[in-house]
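Undergrad: Using the sequences plus the hints, can you model the full thing?
Position one of the sequence shown corresponds to residue 1 (full-length UniProt numbering), numbered consecutively onward.
Honestly, the hints are just simulated from the structure, not real lab data. Quick reminder that beta carbons are idealized off the backbone N, C-alpha and C, glycines included. Hints may contain errors.
[Claimed, not checked] Cut-off 27 Å, straight-line C-alpha distance, at most; resulting in silico cross-link-like pairs (DSS-like, lysine-lysine):
| # | residue 1 | residue 2 |
| --- | --- | --- |
| 1 | LYS104 | LYS158 |
| 2 | LYS45 | LYS104 |
| 3 | LYS158 | LYS183 |
[Said to hold, decoys possible] Derived CB-CB ranges, DEER-like:
| # | residue 1 | residue 2 | range |
| --- | --- | --- | --- |
| 4 | ASP276 | GLU148 | 32 to 40 Å |
| 5 | ARG24 | VAL204 | 50 to 58 Å |
| 6 | ASN180 | VAL204 | 33 to 41 Å |
| 7 | PRO23 | PRO178 | 36 to 44 Å |
| 8 | SER145 | VAL77 | 44 to 52 Å |
| 9 | GLN206 | ALA120 | 15 to 23 Å |
| 10 | HIS266 | LYS104 | 49 to 57 Å |
| 11 | PRO43 | ASN180 | 29 to 37 Å |
| 12 | ARG254 | THR153 | 24 to 32 Å |
| 13 | ASN217 | GLU196 | 31 to 39 Å |
| 14 | ASN180 | ARG52 | 18 to 26 Å |
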Amino acid sequence: MTPAVSPVGTVSGPGPEEARLDPRDFARVAAIVDREARIALQPTKATLVFSRLSRRLREHGLASFGQYISLVESDAVERAAMVEALTTNHTHFFREGHHFDHFKQNVLGELQARARAGHAVRLWSAGCSSGEEVYSLVMCMLGTSRPEARWATDGDVKVLATDLSSRVVAAARRAVYPENTVKPIPDEYRRLWLREEGADFAVVDQARELVTARELNLFGEWPMRQQYDVIFCRNVMIYFDDNATSELIARFARLLRPGGYLYIGHSERLIGPGADVLINCGQTIFRKEGALQ
Numbered sequence: 001m002t003p004a005v006s007p008v009g010t011v012s013g014p015g016p017e018e019a020r021l022d023p024r025d026f027a028r029v030a031a032i033v034d035r036e037a038r039i040a041l042q043p044t045k046a047t048l049v050f051s052r053l054s055r056r057l058r059e060h061g062l063a064s065f066g067q068y069i070s071l072v073e074s075d076a077v078e079r080a081a082m083v084e085a086l087t088t089n090h091t092h093f094f095r096e097g098h099h100f101d102h103f104k105q106n107v108l109g110e111l112q113a114r115a116r117a118g119h120a121v122r123l124w125s126a127g128c129s130s131g132e133e134v135y136s137l138v139m140c141m142l143g144t145s146r147p148e149a150r151w152a153t154d155g156d157v158k159v160l161a162t163d164l165s166s167r168v169v170a171a172a173r174r175a176v177y178p179e180n181t182v183k184p185i186p187d188e189y190r191r192l193w194l195r196e197e198g199a200d201f202a203v204v205d206q207a208r209e210l211v212t213a214r215e216l217n218l219f220g221e222w223p224m225r226q227q228y229d230v231i232f233c234r235n236v237m238i239y240f241d242d243n244a245t246s247e248l249i250a251r252f253a254r255l256l257r258p259g260g261y262l263y264i265g266h267s268e269r270l271i272g273p274g275a276d277v278l279i280n281c282g283q284t285i286f287r288k289e290g291a292l293q
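TA: What follows is the structure, given as structure tokens:
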């Protein structure tokens, strides 16, 4: 069924007419994005789709959205570029601070004990955007003393950061941020775990080297075989419908170690069979049944 969306805007093209995003074009775009990334584009997003894809039309010298969508359907590289263009990446350091407070107060001690006993400790930031979330988590792990941080830097401790967008994954790997971006970082962390790099601030090697940043489609194959102690997936599931959300939660539940923690966004909820093994233990914080192994 074609969504009830009116034609949106025009963009100048090389042909005799200006390109318009009509309801049929929007439906084709929405179907591709749903198939590739399980993102549910509602008709209310038509203006956003028009704005972001107009640039792609101009870059390819195309006269219509129909031509562009035909290109997308036949070209995997451009298809990935289109999905990335329609992905919203909004984040900042220590966003939803109660999660980091809970992590420090209730989880960190368990992870330290595991690492000191010679066990692997694994954390995952799923939908990491440009890295502010994952480095907030790393700074909480490392604390306010370099000697005390050795439990993580010298132990078998690894943090995975993944996102669909190659652009933001590259930014997470680079781990360099402008001054206004690092303002939410507490001073005691900033002094230890950031260094000035020109007008910007870079995460120091000791913290950055704990993180592996990779591109990953959450609905594709997951290469990870080990279980995780902590998974952060916040403000990602808001873009999925209930079926996709239920599927993703079930996969997270399977990948969590018994006793492991899942943190989700403030407007998200658990649904589906995966929710049956996850116990609420705080505001949008859940623990898998069992003791941390």
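Undergrad: Confirm or reject each hint.
TA: Against the structure, the hints come out as follows:
Between LYS104 and LYS158, the direct Cα distance comes to roughly 17 Å. Compliance with the 27 Å bound is thereby established for this hinted pair. Of the supplied pair hints, the one linking LYS45 and LYS104 is violated, its CA atoms being roughly 38 Å apart against a limit of 27 Å. At roughly 26 Å between alpha-carbon atoms, LYS158 and LYS183 fall within 27 Å of each other, so this suggested pair holds. The given range of 32 to 40 Å is respected by ASP276 and GLU148, whose C-beta atoms sit roughly 38 Å from each other.
The hinted range of 50 to 58 Å is satisfied by ARG24 and VAL204, whose Cβ atoms lie roughly 52 Å apart. Roughly 20 Å separates the CB atoms of ASN180 and VAL204, a value that falls outside the hinted 33 to 41 Å. A hinted range of 36 to 44 Å for the beta carbons of PRO23 and PRO178 is consistent with their spacing of about 40 Å. The hinted range of 44 to 52 Å is satisfied by SER145 and VAL77, whose Cβ atoms lie roughly 47 Å apart.
Remark: the range hint 15 to 23 Å for GLN206 to ALA120 is upheld by a beta-carbon distance near 19 Å. Between HIS266 and LYS104 the beta carbons are some 19 Å apart, a value that contradicts the proposed interval 49 to 57 Å. For PRO43 and ASN180, the hinted distance range of 29 to 37 Å is satisfied, since their beta carbons lie about 35 Å from each other. Judged by the Cβ atoms, the range 24 to 32 Å given for ARG254 and THR153 holds: they are separated by roughly 30 Å.
As the Cβ distance of ASN217 to GLU196 is approximately 36 Å, the hint placing it in 31 to 39 Å holds. Between ASN180 and ARG52, the C-beta spacing of about 24 Å keeps the proposed range 18 to 26 Å intact.
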